[in-house]
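All chains should be modelled from the sequences, with the hints used to inform the complete structure.
Listed in order, the protein sequences are those of chains A and B. Following my numbering, the numbering of the first sequence begins with 5 at its first residue and continues without gaps. Following my numbering, the numbering of the second sequence begins with 53 at its first residue and continues without gaps.
For the record, the hints were derived by calculation from the structure and aren't laboratory data. Any given hint could turn out to be false.
[What the hints assert, rightly or not] As a list, the in silico BS3-like pairs of lysine-lysine whose alpha-carbon atoms are at most 30 Å apart:
{"#": "1", "chain 1": "A", "residue 1": "K34", "chain 2": "B", "residue 2": "K122"}
{"#": "2", "chain 1": "A", "residue 1": "K101", "chain 2": "B", "residue 2": "K122"}
{"#": "3", "chain 1": "B", "residue 1": "K122", "chain 2": "B", "residue 2": "K73"}
{"#": "4", "chain 1": "A", "residue 1": "K125", "chain 2": "A", "residue 2": "K147"}
{"#": "5", "chain 1": "B", "residue 1": "K122", "chain 2": "A", "residue 2": "K106"}
{"#": "6", "chain 1": "A", "residue 1": "K34", "chain 2": "A", "residue 2": "K132"}
{"#": "7", "chain 1": "A", "residue 1": "K106", "chain 2": "A", "residue 2": "K34"}
{"#": "8", "chain 1": "A", "residue 1": "K101", "chain 2": "B", "residue 2": "K73"}
{"#": "9", "chain 1": "A", "residue 1": "K105", "chain 2": "B", "residue 2": "K73"}
{"#": "10", "chain 1": "A", "residue 1": "K125", "chain 2": "A", "residue 2": "K106"}
{"#": "11", "chain 1": "A", "residue 1": "K106", "chain 2": "B", "residue 2": "K73"}
{"#": "12", "chain 1": "A", "residue 1": "K147", "chain 2": "A", "residue 2": "K76"}
{"#": "13", "chain 1": "A", "residue 1": "K147", "chain 2": "A", "residue 2": "K132"}
{"#": "14", "chain 1": "B", "residue 1": "K73", "chain 2": "A", "residue 2": "K34"}
{"#": "15", "chain 1": "A", "residue 1": "K125", "chain 2": "B", "residue 2": "K73"}
{"#": "16", "chain 1": "A", "residue 1": "K105", "chain 2": "B", "residue 2": "K122"}
{"#": "17", "chain 1": "A", "residue 1": "K125", "chain 2": "A", "residue 2": "K76"}
{"#": "18", "chain 1": "B", "residue 1": "K73", "chain 2": "A", "residue 2": "K76"}
In this text the structure is predicted, and so the values were computed from the model without any measurement.
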Amino acid sequence: MSTDSHSVKGHEHHFAHHFRSAEHEYETTKEGIWLFMVTEILMFGGLFIGYSIFHNIYPEMFAEGASYLDWKMGFLNTLVLIFSSLTMALGIFFLQKNEQKKAVMSLAITILCGAIFMVVKYFEYTHKFHLGIFPGRLLDVAKVGVHHANLGMYFGFYYCMTGLHGIHVLLGMGLISWVLFRTLRGDFNSNYYTAVEGVGIFWHIIDLIWIFLFPLLYLVG
Amino acid sequence: MAGNHGDSQGHHITPLNVYLKVAGALFALTFLTVIAHHFSAQLGAMAAPVAFFIATIKAVLVMLWFMHLKYDTIMNRVIFGAGFFFLALLLAFSGLDIWTRVAEFSTL
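And the structure:
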């Protein structure tokens, strides 16, 4: 790594004293983010593997569970999340170009997309609650009129996976709000946007997980 | 290790049209997933592999361009790859356990 440039006019980032340079700080922070992403992959991965194993053991029960999901809702949310991933990437792009206003717009649209995603999720969840579909033993077997007595297991997976994912969307919206506020305050520019890059990677992994959750839950069943 | 040496201004900046192309491909692949789903009867046992193959292509697009892994350090790529490696290991050993069990029935 070469030394950082202190020759840049105006926007100079003062890196923490235990780093050699601003670049050293950026690289280290990003490596930490990637280590965190590994824990995310392993956390969701455990649920995916549990789902695959039980899907293999009870294929008809999982097919019955999937028949209660509306793929159009999942499809809509997939499009919303992909669009939000684009606007998140553009938020960083505009900071790299020192176009803070456009960056703020992009980040605001990203938060809006997260909100749309959660509203769709809210309608999906409340509709299921209305039908008596709850996870595990809480599932109202008589009201739902299940064919497979252990249908609650499918919805245990459904609520755990989409719920954990939804919590990540909410956390992501909070983190994007934080970097949006800091962008408005003038903290970020083409020399320093580490926090936005890290939040961006977190937001993209939420999209990444949904890319697999959509076919797994809504289509393949 | 391409593109991220030097001062912080030297970070690789992905051109705007590349982002738009990647997003376009992601939208197109999402539609393709749904189209393939409508032919799931014809696809039969291949329906799930087709859906996950398309999802994997989408995931790679997101990782390389949106998450900037294409221009990231080898270390960060190895770190992220290690996550998937250990996930595969978990699946392999869980599968070995589940599908090599011998069913035992009580005679009582």
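Going down the list of hints, with the structure as the test:
1. Pair hint K34 of chain A plus K122 of chain B holds up; C-alpha atoms about 14 Å apart against a cutoff of 30 Å.
2. For the proposed pair K101 of chain A and K122 of chain B, the alpha carbon gap of about 20 Å is at most 30 Å, so the pair holds.
3. Under the criterion of a C-alpha separation no larger than 30 Å, the hint pairing K122 of chain B with K73 of chain B is consistent with the structure, at around 15 Å.
4. Between K125 of chain A and K147 of chain A, the direct Cα distance comes to roughly 22 Å. Compliance with the 30 Å bound is thereby established for this hinted pair.
5. About 24 Å separates the Cα atoms of K122 of chain B and K106 of chain A, which keeps this hinted pair within 30 Å; it holds.
6. Distance check on the hinted pair: K34 of chain A and K132 of chain A sit about 40 Å apart at the alpha-carbon level, beyond 30 Å; violated.
7. With a CA separation close to 24 Å, the supplied pair K106 of chain A and K34 of chain A stays within the 30 Å bound.
8. As the CA atoms of K101 of chain A and K73 of chain B are separated by approximately 19 Å, the hinted pair is consistent with the 30 Å bound.
9. A hinted pair counts as satisfied when its Cα atoms are at most 30 Å apart, and K105 of chain A with K73 of chain B qualifies at roughly 23 Å.
10. Pair hint K125 of chain A plus K106 of chain A holds up; C-alpha atoms about 29 Å apart against a cutoff of 30 Å.
11. Our distance criterion of 30 Å between C-alpha atoms is met by K106 of chain A and K73 of chain B, whose separation comes to about 19 Å.
12. With a C-alpha separation of about 24 Å, the suggested pairing of K147 of chain A with K76 of chain A holds against the 30 Å cut-off.
13. The hinted pair formed by K147 of chain A and K132 of chain A meets the criterion: a straight-line CA distance of about 12 Å does not exceed 30 Å.
14. As the CA atoms of K73 of chain B and K34 of chain A are separated by approximately 25 Å, the hinted pair is consistent with the 30 Å bound.
15. Simply put, K125 of chain A and K73 of chain B have alpha-carbon atoms about 28 Å apart, close enough for the 30 Å limit, and the pair holds.
16. The straight-line distance between the Cα atoms of K105 of chain A and K122 of chain B is roughly 27 Å, inside the 30 Å bound, and the hint therefore holds.
17. A threshold of 30 Å between alpha carbons decides the hint, and for K125 of chain A with K76 of chain A the separation of about 12 Å falls inside it, so the pair holds.
18. For the suggested pair K73 of chain B and K76 of chain A, the alpha carbons sit about 24 Å apart, so the restraint of at most 30 Å is met.
Checked against the numbered hints above, the structure breaks only hint 6 and satisfies the rest.
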